[in-house]
Structures are given as structure tokens and as C-alpha cells.
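Enquirer: Single-letter residue listing:
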Amino acid sequence: MYVERKQLVAPGEILAEGKYVSGENTHREDEKIFSSRVGVVEVEGDRLGVVPVKGCYVPHVDDVVVGRIVDIGMSGWTVNIDAPYPALLPASETPLLGHRPSRQRVDISGMFEVGDLVVSKVLAFDRTRDPLLTAKGPGLGKVTAGRIIKVSSTKIPRLIGSKGSMISLIKKETDAHIMVGQNGTVLVSGKSPESENAAIQAIRMIEREAHTRGLTDRIQAMLRTKVKGEGVES
Amino acid sequence: MKVEEKPVELIDQNGLRIDGRRLDELRPIKMEVGVLDKANGSACIEQGKNKILAAVYGPREAHPKHIALPHRAVLRCRYHMAPFSTSERKSPAPSRREQELSKVIRESLEPAVLSEYYPRTTIDLFIEVLQSDGGSRCAGITAASLALADAGIPMRGLVAACAVGKIAGRVALDLFDTEDKQGEADLPVAIMPRSNVVTLIQMDGILTPEEFQTAFDMAVRTCHTIHEQQKAVLKQRYLSIKEEVEEKNDVEKKEK
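Keeping their order, the protein sequence lines are chains A and B.
Note that the first sequence covers residues 0 to 233 in numbering that gives the first Met the number 0.
Note that the second sequence covers residues 0 to 255 in numbering that gives the first Met the number 0.
Hints may contain errors.
Straight-line distance between alpha carbons at most 16 Å, and here's what the computed EDC-like set of lysine to aspartate or glutamate pairs gives [stated by the list, open to error]: (1) LYS5(A) / GLU245(B); (2) LYS241(B) / GLU206(A); (3) LYS120(A) / ASP174(A); (4) LYS149(A) / GLU206(A); (5) LYS170(A) / ASP129(A); (6) LYS5(A) / ASP123(B); (7) LYS253(B) / ASP216(A); (8) LYS171(A) / GLU206(A); (9) LYS102(B) / GLU127(B); (10) LYS149(A) / ASP36(B); (11) LYS31(A) / GLU16(A); (12) LYS180(B) / GLU8(B); (13) LYS64(B) / ASP123(B); (14) LYS37(B) / ASP81(A); (15) LYS37(B) / ASP123(B); (16) LYS64(B) / ASP129(A); (17) LYS141(A) / ASP115(A); (18) LYS241(B) / ASP115(A); (19) LYS5(A) / GLU23(A); (20) LYS247(B) / ASP216(A); (21) LYS252(B) / GLU195(A).
Quick caveat, the hints were computed from the structure, so don't treat them as lab data.
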């Protein structure tokens, strides 16, 4: 192994030679493993991967994403989920139709308009067809309130943290409701503008400093001073 | 009215060139990534008097749809010189030369991009020459590969390029405009320094086999130097953030 954990690498940089397994964002040539993107090295046993610092969103089945309706068709909607592929939300996958027998006619034309934001889940996606979404299920459906923050989708795992530690920290400290879309769109709605601002500031800080050590502690310290300080003011 | 250019001595008695460089000396290079806000990836390069901007959009939905390929992303490239990039105004319409350069630059980058990760999409690459002074295709390739890496597109490795030419009977590195026009030969080379694969090689003028070998070796060596700088530039932004915040960490720890 030529690199250490958490080291920043560029595309084409050699990571290891020999018995290691080539993980995410790396490629193998003969016995050598190279990085494919700019990112931070991650080691798991003998598997070497790179956590990218920038990149586009690639849908995965079961991802919850926040998309914007861009077109209305005969039997559904086209949704922009900030991926290289347009996503399809069929009318049959909307909450209203879910509970009714299919032969009953329901007018769904006004359910989503162009420009609406929809929280949805990726039902199916493979590289030969465009992603298919569903808006049926708890927490899914049209977005009616909150503030929208866009971050790079590569920073989402860091924003959530291991087993959701980071996101639950922010929720606990700011008392705001946060919905994280895997595609990089985050919805924040808090009890007060101050709590929203604090949460947004924390998210921005994570986006900027995702590749550094001791981030959770810094976020906690920042939120404590911020929330407390503003509590005194009001 | 065009002023006739007087032929000047390309190499003086001290063995120095018009701009004071030695024969094997590169012009100073300055690179920066992430210069454009709206592009997915971007880079800017200054090599001597060259100023070139490279922007990458994508991978994104292919338009028109029929150009999309089922098994990989399509790389599209446009090399363009701004009307004000030369001393005589250049028509903004793409010239024959620009079309050729767009093609060879695309082909020099295609082996580096792992395009099979994003089937049915396009990756659009724009190279805009703001100020030109010879060797702009090579500087363009160097900047373009940085922009691709900055966009987070998976790559086998970066691509670095530089040109070697022949002036006043001697092989010289990185010709600028006057040398290029009055010199005897020009040999632009792009390589993937990671695996030493040549992705672009062109030549105009005449070189003997021996001269070609020296010139080629010189180009490959220089590409490796440029590659080191490319890697440093790509990491620099993230490393400075890391240093800044981790320093704060250490200070806090000491206070405790």
C-alpha cells in the first residue's frame, strides 16, 4: 500500500499493489490499484476505496431523493433529480391512487405542477433505463414547506454520518426537521428562523470540511454556541 | 495593413531565446481549478502569455438524443479561440483549425476518461482560448484534464501535454508564437503520465530521426513535470481547508 487512510489523492494516483481489493472509485490494472477520482482514501480490511470530493449523483434503488417536476405526461411526470438521467414518476405511484381500486377514475392532473418539489424514492434503476420513482410511502410526496439547500451528492454520506450520527446531532442541537435527499437536496424546516439558520450553517460547514478529521466535534461546538447565543438574544 | 515581420535571431550568442529562456526551459505555468461557478468542473491555465479556460458540463442527458451511446458516455469537445485572443482579430466562427484541434483534443482525453460509468450521457468540454501565444492546444489539454478531474469524472489518470520544436537548427522546448511561426518544426505531445501512454502526437515541419528522439524524450519528461503540478493544483484547495480547520482542532486540544 502506497497511501494512508484519509489521504487526499488525484485521479491516476497509485494506491496499492498486490493482494488488495479494488473498491469504489478505483480501478485495477494488472496488480496495481489506482484512484479514479479526486478524493479521500478509505480502507476497509483489504478493500481500498476513494470517497470523492465532487461528482454527479448516480441513482440507486431505495434512495430517497428530492426532485423537481419538469414535465407532465399522459401517465406521469418527469422529474429532475440532479442525475445525468431524467426520472419518471408514473401516476400509479402517487399517494392518491395507492389506496383505490385501479378502475376507479381519479383526476390526478393537478396533483403535481411543473416546478413542484417531490420527495420520492427510487423504485428501479439500471443503466439501460431511466430511474423510476415512487411517491407512495411515509414521508414521501409533495414538499409544501421548508427551506431547500443544495449540496454536492458526494457529501451526503458525511452529512448523515455513520449510522446517522451527524444528522441526528444537528437535529438534536437545532430542533429543526431535516430531510436529506440522497441526490444532494436537503429540506430544512425549523421552529424558528434561527434554528433553521443554525442547521443550514452546519450543513454548509460539513459540505466544506467533509474531508477533515474531528468534524463532528467542531459541528457540535459551533451549534452549541450558535443556538445558545441566539437563545439569549431573543 | 499588415506589417512585415522582420526575421529575428531566435537564439542569441549566449544560447538564450528571444524571451530569455534556455532551450530546455518551460514557460512559467499557473493553473487553477474550480474557477467557474456554473460548470461542473473548470480549470484555468496560464502558460507564458497563453490564457486558457476549460469548462466541463456533465455527465448529463444527451441532446440530441440520437448521439447517445448505450454503453458509454459521449465526450464532446469544443476548442475555440476568442476573437480578441490574437493580435489580429480572429473571426469567432469555428475555423478549420479549431475543428481539427477540437477533434484531436477530444481524442487525446478519451483514453483517460472512464466513460463506461455513465452510459447514454454526454460530457461536454469547452476550451476557450482567451489569449494565445503558441502551444495553446497543449495548454488546453492540460487544463481540460484538470477540469474533467475537478468535475469528479472517473479517469484512468490525468493527461499532461507540451510541445517541443526546432528553432534555428536546435531542438527547443515549448515554443511561443514567434518561434512557432519562424521555427522549422513543432511537435505537440500529450501523454498519460501514470502509464506513459501517448494520447496525442502531431508534427509539422521536418525533424531528423535523432532530433525527433531528443524532442520526444524532452516532451515526455516535461509532461511528467507538468503532471506533478496538476496533481498539486487539484488537491491544493482541499488541503488548505484541511490545514485550516485541523489547526483549529489542535489549538483547542492544547487549551484543554
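Enquirer: All hints, please: hold or fail.
Expert: Hint check:
no.: 1; hint: LYS5(A) / GLU245(B); verdict: holds (13 Å)
no.: 2; hint: LYS241(B) / GLU206(A); verdict: holds (12 Å)
no.: 3; hint: LYS120(A) / ASP174(A); verdict: violated (25 Å)
no.: 4; hint: LYS149(A) / GLU206(A); verdict: holds (10 Å)
no.: 5; hint: LYS170(A) / ASP129(A); verdict: violated (34 Å)
no.: 6; hint: LYS5(A) / ASP123(B); verdict: violated (31 Å)
no.: 7; hint: LYS253(B) / ASP216(A); verdict: holds (15 Å)
no.: 8; hint: LYS171(A) / GLU206(A); verdict: violated (19 Å)
no.: 9; hint: LYS102(B) / GLU127(B); verdict: holds (15 Å)
no.: 10; hint: LYS149(A) / ASP36(B); verdict: holds (14 Å)
no.: 11; hint: LYS31(A) / GLU16(A); verdict: holds (4 Å)
no.: 12; hint: LYS180(B) / GLU8(B); verdict: holds (13 Å)
no.: 13; hint: LYS64(B) / ASP123(B); verdict: holds (14 Å)
no.: 14; hint: LYS37(B) / ASP81(A); verdict: holds (14 Å)
no.: 15; hint: LYS37(B) / ASP123(B); verdict: holds (13 Å)
no.: 16; hint: LYS64(B) / ASP129(A); verdict: holds (13 Å)
no.: 17; hint: LYS141(A) / ASP115(A); verdict: holds (7 Å)
no.: 18; hint: LYS241(B) / ASP115(A); verdict: violated (38 Å)
no.: 19; hint: LYS5(A) / GLU23(A); verdict: holds (14 Å)
no.: 20; hint: LYS247(B) / ASP216(A); verdict: holds (12 Å)
no.: 21; hint: LYS252(B) / GLU195(A); verdict: violated (29 Å)
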